[in-house]
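Listed in order, the protein sequences are those of chains A and B.
Position one of the first sequence corresponds to residue 1 (this note's numbering), numbered consecutively onward.
Position one of the second sequence corresponds to residue 1 (this note's numbering), numbered consecutively onward.
To be clear, the hints were calculated from the coordinates, so they are not data collected in a lab.
Some clues are possibly wrong.
DSS-like mimics (lysine-lysine), calculated; alpha carbons at most 27 Å apart, straight line [said to hold, decoys possible]:
hint	chain 1	residue 1	chain 2	residue 2
1	A	Lys82	B	Lys193
2	B	Lys98	B	Lys153
3	B	Lys258	B	Lys213
4	A	Lys82	B	Lys222
5	B	Lys193	B	Lys183
6	B	Lys153	B	Lys228
7	A	Lys82	B	Lys98
8	B	Lys193	B	Lys153
Reference excerpt, derived from the structure (chain A facing chain B, CB under 7 Å, subset only) [claimed, not checked]:
hint	residue
9	Pro13
10	Ile19
11	Pro22
Every beta carbon over 12 Å from chain A, so not counted as near; a handful from chain B, in silico [unchecked claim]:
hint	residue
12	Arg25
13	Leu46
14	Lys213
Glycine included, C-beta positions come from ideal geometry on N, C-alpha and C.
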Amino acid sequence: MPDLGERGNVMGPQPIASIVEPPAAMFAAAEHLLNALMRGDHASVEAMTPPHVRDEMMRVAKEIPANRYDKFEIIGRARVSKHYFLKAQLIGADIEPFKFQFRLGETDGKWTVREALNLTGRRSAWSR
Amino acid sequence: MQRMIPVDKLARPEDHILLPANRTRNARSEQGLSPGNAMPYEDDFLKSRMHGICGGEFQAMEAAGRTVYDFPDAPWEFQLDMARQVWDEARHAEIYMKLLEYVGSYYGEFPEGEVLWSCTQAEDPAARVAGINRGLEGLACDVFEQLIRIAQKMGDTVIERSVDYVLADEITHVRMGSQWMRKLTEGDPERFKRAQEFQDRIDDLFNFGPGRKRVEDVDHVKQRVDGKEIEIDNGLTIAREARLLAGFTEEEIDRLVKGFGKSAAY
């Protein structure tokens with residue numbers, strides 16, 4: 001879409017509220033998780049996963065070969081109130097990208113993983 | 001091209017997040033919120049509600065398009081009505097994209113749900129229109145009427161008039177659905193019954209058992225919207241007047257209020 005300049009200088013209805021920016025701590029937690037997954041550091045992954053989600057998260061973690069991916073991209077984000085669903089892709093030089101989706105939520109200042117699913121080979125949506 | 005496509009075959013950009021309803025419900029419950037949709041008393045109500053509607057408009061557009069494709073042997077006038085509905089829903093999606101921007105949101109801020117698409121999975125065009133046009137578009141009448149009343153309390157003519165414009169089309173879609181449900185099942189009471197049952201399941205699914213109330217019976221809560229404190233409904237309501245305009249009978253509306261989804265086609 002072309003840049004049409006400052007919206008406030010344009011005639012017509014102006015937005016009545018501003019966009020909610022995701023907290024920086026949420027992005028930091030996502031980065032921490034993704035780096036741990038790429039390193040194969042399962043202890044760090046477990047440390048940010050509550051017990052009831054551990055099996056689900058570790059299933060995803062075990063599908064990621066350690067040290068084969070060297071960067072990640074967060075390719076999608078959506079929120080349900082204050083929890084964030086993130087779609088991420090791990091990228092390596094000689095390996096197919098690994099795509100998965102997870103939800104982060106904060107309790108007492110700590111962001112933890114609330115669910116996770118491997119999306120590799122699927123369309124952009126989650127199926128049942 | 002495949003007929004009756006599942007929800008994860010809908011074309012969506014890679015940065016888009018589409019979720020089964022149970023995932024969203026879990027995320028809400030874990031935060032101490034009611035498991036269904038955002039309620040009027042929540043801070044994010046306007047953004048979240050408009051986002052849900054916008055996704056619904058996209059899926060309604062796709063569903064009407066799929067109906068044209070999935071039933072090539074249906075009468076030409078039926079195909080024309082469905083094609084016209086695609087155009088209506090496309091305009092609605094554009095309107096809600098603009099409204100999202102207006103309330104400080106954007107399409108993709110929240111996940112898109114898949115429950116509406118699951119309501120399109122009927123192999124008979126009569127059931128398809130019973131479910132989508134009578135079930136879902138009837139629900140849209142309720143949701144839109146409530147938004148209009150909230151906008152009136154806010155003194156916000158942008159939301160009020162935009163949603164009213166869309167509501168007028170939805171009323172037409174309900175009537176169209178009823179007409180085709182009758183016409184396509186003429187002389188085949190069994191087929192009519194199956195179409196009716198499909199709609200009943202959808203009415204039940206969205207009736208929140210029974211969670212919708214008459215406008216005059218619903219409690220109110222105070223909420224700050226656009227810097228003003230207003231009293232808004234503390235739950236979902238039934239748009240009696242809009243539903244009557246769409247051709248629902250008093251008896252059908254009563255049944256929805258009582259939580260029995262069964263509604264005989266008129």
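These are the hints, each one checked on the structure:
1. Our distance criterion of 27 Å between C-alpha atoms is broken by lysine 82(A) and lysine 193(B), whose separation comes to about 44 Å.
2. Simply put, lysine 98(B) and lysine 153(B) have alpha-carbon atoms about 21 Å apart, close enough for the 27 Å limit, and the pair holds.
3. A hinted pair counts as satisfied when its Cα atoms are at most 27 Å apart, and lysine 258(B) with lysine 213(B) qualifies at roughly 9 Å.
4. Taking the CA atoms of lysine 82(A) and lysine 222(B), the gap is about 22 Å. The hint holds against a cut of 27 Å.
5. Proximity of lysine 193(B) to lysine 183(B) is assessed by CA-CA distance (about 13 Å); at most 27 Å being required, the pair is judged to hold.
6. A threshold of 27 Å between alpha carbons decides the hint, and for lysine 153(B) with lysine 228(B) the separation of about 10 Å falls inside it, so the pair holds.
7. Pair hint lysine 82(A) plus lysine 98(B) holds up; C-alpha atoms about 24 Å apart against a cutoff of 27 Å.
8. Distance restraint check for lysine 193(B) and lysine 153(B): the Cα-Cα separation of roughly 42 Å exceeds the 27 Å cut-off, and the hinted pair is therefore not satisfied.
9. Against a cut-off of 7 Å between C-beta atoms, the interface hint on proline 13(A) holds, since the closest Cβ of chain B lies about 5 Å away.
10. Because the closest C-beta pair between isoleucine 19(A) and chain B is about 5 Å apart, less than 7 Å, the hint holds.
11. About 10 Å separates the beta-carbon of proline 22(A) from the nearest beta-carbon of chain B, more than 7 Å, and the hint is not met.
12. A cut-off of 12 Å between C-beta atoms contradicts the statement that arginine 25(B) is not in contact with chain A; the least separation is 9 Å.
13. Look at leucine 46(B): its CB is around 8 Å from the nearest CB on chain A, not clear of 12 Å, so calling it non-interface is violated.
14. Residue-level check passed: lysine 213(B) sits 24 Å from the nearest beta carbon of chain A, beyond 12 Å.
Consistency note: the structure conflicts with the earlier hints numbered 1, 8, 11, 12, 13.
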